[in-house]
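**Student:** Take a look at the letters that make up each chain.
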Amino acid sequence: MALKEVLTPQDLSKIANLQVLARLVVEGFTSGLHRSPQKGFSVEFKQHRQYSHGDEIRHLDWKLYGKTDKFFIREYEEETNLRATILLDQSGSMNYAGDRKGAMTKAAYGTRLAACLAYLMLQQRDSVGLVTFDSKVRRYIPPRSRPGHLRVLMDEMQATEPGGETELGKVFHELVPKLHRRGLLIIISDLFSSVPDLMSALAHFRHARHEIIVFQIWDRDELEFPFRQWTKFLDMEVHGRDFMVDPAILRQAYLEQLATFREDLRQGCHRHFIDMTPMTTDEPYAAGLASYLASRRRR
Amino acid sequence: MPFTFLNLLMLGGAAAFSIPVIIHLFNRSRFRVVPWGAMHLLEPVLRKNRKRVRIEQLILLLLRAMIPVLLALAMARPVMTGWTALAGGAKTALAIVLDDSYSMEAGGMSRSHFAQAREATVAIVRSLPRGSQVHVLRMGGSLRPLSDEPSFNTSRIAEELAKTQPGFGSADVPAALEVITADLAGMDLSKRDLVIASDFQRINWDDDGAALRKELFQGIKQLPVPPSITFLRVGQPVKDNIAVEELSFSRTALGVNQKLRVHATLRNFGQGLYPDLRVYFRVDGQERTVTQISVPPGESQQVLFTHVFDRAGSHVIEVYAEADPLKADNSMMASIPVWDRLPVLLVDGAPSTDPLRGETDFLRIAMQPFMAGNVPLADLIDAKIIEPGLLNDAALAEARVVVLANVPQLAASQVEQLRQYVTQGGSVIIAPGDSANVAWYNAELFADGNGLLPGKLMGLGGDLQDEKAGARIVQQHFDHAALEMFNDPRNGNLSEAQIKLWFHLEEPAVTPGQARDPNQAVTIARLDNGDPFLMEKKLGEGLILQLSVPLDADWSNLPLRPFYLPLTQQLVTYAASKVYPSRNVEVGQTLAAFFPPGGAGKTVTLTDPQARKSDLAMVERATHSVAEYRDTAMPGLYTMDAGEAGGVVYFVVNTSRRESDLDVLTDEQLRAQAQAVGADVARNWEEYRELDRNRRFGREVWKWFFIGVLGLLFGELVLQQWFAKRRL
Numbered sequence: 001m002a003l004k005e006v007l008t009p010q011d012l013s014k015i016a017n018l019q020v021l022a023r024l025v026v027e028g029f030t031s032g033l034h035r036s037p038q039k040g041f042s043v044e045f046k047q048h049r050q051y052s053h054g055d056e057i058r059h060l061d062w063k064l065y066g067k068t069d070k071f072f073i074r075e076y077e078e079e080t081n082l083r084a085t086i087l088l089d090q091s092g093s094m095n096y097a098g099d100r101k102g103a104m105t106k107a108a109y110g111t112r113l114a115a116c117l118a119y120l121m122l123q124q125r126d127s128v129g130l131v132t133f134d135s136k137v138r139r140y141i142p143p144r145s146r147p148g149h150l151r152v153l154m155d156e157m158q159a160t161e162p163g164g165e166t167e168l169g170k171v172f173h174e175l176v177p178k179l180h181r182r183g184l185l186i187i188i189s190d191l192f193s194s195v196p197d198l199m200s201a202l203a204h205f206r207h208a209r210h211e212i213i214v215f216q217i218w219d220r221d222e223l224e225f226p227f228r229q230w231t232k233f234l235d236m237e238v239h240g241r242d243f244m245v246d247p248a249i250l251r252q253a254y255l256e257q258l259a260t261f262r263e264d265l266r267q268g269c270h271r272h273f274i275d276m277t278p279m280t281t282d283e284p285y286a287a288g289l290a291s292y293l294a295s296r297r298r299r
Numbered sequence: 001m002p003f004t005f006l007n008l009l010m011l012g013g014a015a016a017f018s019i020p021v022i023i024h025l026f027n028r029s030r031f032r033v034v035p036w037g038a039m040h041l042l043e044p045v046l047r048k049n050r051k052r053v054r055i056e057q058l059i060l061l062l063l064r065a066m067i068p069v070l071l072a073l074a075m076a077r078p079v080m081t082g083w084t085a086l087a088g089g090a091k092t093a094l095a096i097v098l099d100d101s102y103s104m105e106a107g108g109m110s111r112s113h114f115a116q117a118r119e120a121t122v123a124i125v126r127s128l129p130r131g132s133q134v135h136v137l138r139m140g141g142s143l144r145p146l147s148d149e150p151s152f153n154t155s156r157i158a159e160e161l162a163k164t165q166p167g168f169g170s171a172d173v174p175a176a177l178e179v180i181t182a183d184l185a186g187m188d189l190s191k192r193d194l195v196i197a198s199d200f201q202r203i204n205w206d207d208d209g210a211a212l213r214k215e216l217f218q219g220i221k222q223l224p225v226p227p228s229i230t231f232l233r234v235g236q237p238v239k240d241n242i243a244v245e246e247l248s249f250s251r252t253a254l255g256v257n258q259k260l261r262v263h264a265t266l267r268n269f270g271q272g273l274y275p276d277l278r279v280y281f282r283v284d285g286q287e288r289t290v291t292q293i294s295v296p297p298g299e300s301q302q303v304l305f306t307h308v309f310d311r312a313g314s315h316v317i318e319v320y321a322e323a324d325p326l327k328a329d330n331s332m333m334a335s336i337p338v339w340d341r342l343p344v345l346l347v348d349g350a351p352s353t354d355p356l357r358g359e360t361d362f363l364r365i366a367m368q369p370f371m372a373g374n375v376p377l378a379d380l381i382d383a384k385i386i387e388p389g390l391l392n393d394a395a396l397a398e399a400r401v402v403v404l405a406n407v408p409q410l411a412a413s414q415v416e417q418l419r420q421y422v423t424q425g426g427s428v429i430i431a432p433g434d435s436a437n438v439a440w441y442n443a444e445l446f447a448d449g450n451g452l453l454p455g456k457l458m459g460l461g462g463d464l465q466d467e468k469a470g471a472r473i474v475q476q477h478f479d480h481a482a483l484e485m486f487n488d489p490r491n492g493n494l495s496e497a498q499i500k501l502w503f504h505l506e507e508p509a510v511t512p513g514q515a516r517d518p519n520q521a522v523t524i525a526r527l528d529n530g531d532p533f534l535m536e537k538k539l540g541e542g543l544i545l546q547l548s549v550p551l552d553a554d555w556s557n558l559p560l561r562p563f564y565l566p567l568t569q570q571l572v573t574y575a576a577s578k579v580y581p582s583r584n585v586e587v588g589q590t591l592a593a594f595f596p597p598g599g600a601g602k603t604v605t606l607t608d609p610q611a612r613k614s615d616l617a618m619v620e621r622a623t624h625s626v627a628e629y630r631d632t633a634m635p636g637l638y639t640m641d642a643g644e645a646g647g648v649v650y651f652v653v654n655t656s657r658r659e660s661d662l663d664v665l666t667d668e669q670l671r672a673q674a675q676a677v678g679a680d681v682a683r684n685w686e687e688y689r690e691l692d693r694n695r696r697f698g699r700e701v702w703k704w705f706f707i708g709v710l711g712l713l714f715g716e717l718v719l720q721q722w723f724a725k726r727r728l
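Going down the list, the protein sequences come from chains A and B. Using the working numbering, the letters of the first sequence map in sequence onto residues 1 to 299. Using the working numbering, the letters of the second sequence map in sequence onto residues 1 to 728.
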């Protein structure tokens, strides 16, 4: 039986140490898989081909030229491992957990998902970086592939507390010049932002030839709006802003608005060839890992 | 106030309207606080719906607040009073117009319409508060109150009412309304009700009479104490009805061994075809002939029956159709007096030995055509010719009719005997001619209008030599019984005769606006120059007919025309029968029978159509004894049995067959008529009770409030769903 099927996020949330958690989840998840075909390849020779005009001279095989008196270019397997950067949303809205028993915040869920992904990737000797942000970039840790880098990432994740407004568009635009090498961007966020701004920013990433996987984190309350009695909704991102409403009356309208929002996101992502995986905080992380691996396989 | 409440305390429950408001406010005060991330989803929804949600909430709140209010109103049992003071259990003066016409016997296998009306009205009378006053007017045939005056003894009236029977003649609604208006005005109590219990046949409640009825109802409404009016409609429409509509006879006077031809007209008032309708002909209760006919819906068929009576006296014939359950109009009867012979005395003023030159030669042939033609058939009339000098009491005693044919003049004693003969019930036909002593006629017979002669002789008209100066009888529509057979052209055309010479007859002056003296002479037929041709005058019990021309061929070609025979026979039989009271009368008319003199003090047993017997006392009048009976509201056969004093006399009381048309007003039409005169409609006792309760105590309307509550509950649910959908 796979570990992921045994350990729910609620169980795992009891494990304080992110490393242990990541290991449990990832090993549980991968125990039934074939080994990755990408695993272990490095600077190995692949083949020769004839020189053609414009090839870099430094890739000429001079020894072969000595033997054959012809110019051949040495070709290698791709040298670079995957450069993945996890963009972890730490805005105020990620702090929502509802009042269900044992529920965790979206931020906590996102952090754990990020940890699992980081662990998995480092296990595969890919480079992993981390960006935490709310309305601006809080911290940027560039991708590294050495095993000790995991600890750095974990420490940063644990040290970050959510808060502040979300302005994904602005933040992502700021990030583009910083992530100058193309790679895989894993965005873990509730994407509570203007859809056109967000799409513009993601298009910017795509223009910079980044692969993007989006994990949209939802709380079950946000999807079902289960409130019945009169409720004062306090804005988690703007202090002092609140609305007093009878949620039963507004529920249908809210769900409609929600459906529109999700549909806009889905279509936007599809347009930019972005994999978007919606997740709720009561779901296992496995869906996230599977989505990542599918994306990895395509590369 | 148009409303009052039977359970006023329950109105306090209306305060419960505050409950939804309190719940609303309470809910708002007990809110929960949720820190919310997805504000960018919630805010546009709020922005878009805030105003509408507020209005919708207000509407829902209003609905929810109204529910307890309406519930409280329903439980307080509101009563609609229509701005009038309620009578409550006050004593009532109730007038009932009960339709007991024969159409009320309809109703088929179930109870008859009359039984339903009787049951309902009895229940209404029994339900009256103690001390109430009742008056019942039956309107079938003639108007007959159940009691002489309004009675406070309601239980006795109820008992009497329970015994009433239908089968009377046509209902006369306007007359009934007129009488009941006077009756209502004479009643004592301050709460008055008028109930009209009927099947509301279209012929009695048609549009033509609507204006008159409205006026009469207006009169009722304008009484010092106007009554509440109720149309109590009973029964269901009946689709099938066959009626014997009319009987007509070949002759008005019938002798022994003469053939009577009876034409019976049967009409199908219903909607179904009667393909094999059996029609029976009965004489004196014995079935004589049966025939089978087919009567399509809405059409009439005639059936011919013949009969020869072998015995003189009073007889009854009946045509009976074996048809629908409404028996009253399935048969029609007629009383036929059969004479042994009709002795007629012809006084010939200008006899002749030449054939057909005598004054009465043509007349005699016309009186006894079978004998003249050597035909072995019986002549009713037994004509005897005498000279004027032989006219005396002895001759008169044997004759039923005396004809003075061109008699020059009579002795004073003869005039006196003749006068007495007429006064005591004899009939005289006077036809003066060239032999007549005009001065004597005017002085002795006319006697300034007090004598036997209807019209004074005023000289001659026309010229025997000049045909152009002649005149003809006007062939008009004759209302008079003596000539009405000539309304049918098959019986001859009176205008065919050419009158060369005639007497101008003086007609009595008519004063406009003054009632005519019944004994004054009247003109029955005229010549085309306006002169009278035939005049009639009543004197005592008898009558006199006067022609302006003689009955021979000297002055006219009358005897040579085909109508001469029927005309003279008709005049003689009319004169003979007219002096006897008719035995076929309409409902409400008096039955009278003449018996031989000396019957004073004797009794006659009368049997009415319901086989009830009563004794009538004979009274002596002039030359005979008379028995009379007035209560003829019910059509049918009445029998007077005088035993040895005069035998049995049959009377038939007929009624108009209008009632046979059983088409009734539809419910909508009845309601419209009721509305037009401010009346209510009830179909039975239960509905009347409800109506009366509403009038007395107001109309309870809690049901409507309760329905309102249910409606609001449902509406609240629907609105809530609808509002939710609209917010999408």
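Hints should not be assumed to be uniformly reliable.
Here are the simulated lysine-lysine pairs, BS3-like style, with alpha carbons at most 27 Å apart [stated by the list, open to error]:
| hint | chain 1 | residue 1 | chain 2 | residue 2 |
| --- | --- | --- | --- | --- |
| 1 | A | Lys232 | B | Lys48 |
| 2 | B | Lys91 | B | Lys191 |
| 3 | B | Lys613 | B | Lys602 |
| 4 | B | Lys163 | B | Lys613 |
| 5 | B | Lys51 | A | Lys232 |
| 6 | B | Lys239 | B | Lys327 |
Covered stretches of chain B (chain A as the covering partner; in silico rule of three or more C-beta atoms under 8 Å from a C-beta of chain A) [unchecked claim]:
| hint | stretch |
| --- | --- |
| 7 | 20-34 |
| 8 | 37-51 |
If you are wondering where the hints come from, they were derived from the structure by calculation, not from laboratory data. These numbers come from a predicted model, not from an experiment. Every residue, glycine too, gets a C-beta built ideally from N, C-alpha and C.
**Student:** Now, for every hint given, state plainly whether the structure supports it.
**Tutor:** Verification of the hints:
1. With a C-alpha separation of about 18 Å, the suggested pairing of Lys232(A) with Lys48(B) holds against the 27 Å cut-off.
2. With a C-alpha separation of about 7 Å, the suggested pair Lys91(B) and Lys191(B) falls inside the 27 Å cut-off, and the hint holds.
3. At roughly 16 Å between alpha-carbon atoms, Lys613(B) and Lys602(B) fall within 27 Å of each other, so this suggested pair holds.
4. A hinted pair counts as satisfied when its Cα atoms are at most 27 Å apart, and Lys163(B) with Lys613(B) qualifies at roughly 17 Å.
5. In summary, the hint linking Lys51(B) to Lys232(A) is supported, as the alpha carbons are separated by about 18 Å, within the 27 Å threshold.
6. Restraint check for Lys239(B) and Lys327(B): the C-alpha separation of about 15 Å stays at or below 27 Å, so the hint holds.
7. Judged by the Cβ-Cβ criterion of 8 Å, the stretch 20-34 of chain B is covered by chain A as claimed, because 7 of its residues qualify and three suffice.
8. Chain A is given as covering the stretch 37-51 of chain B, and this holds because 12 residues of the stretch bring a CB closer than 8 Å to a CB of that chain, at least three being needed.
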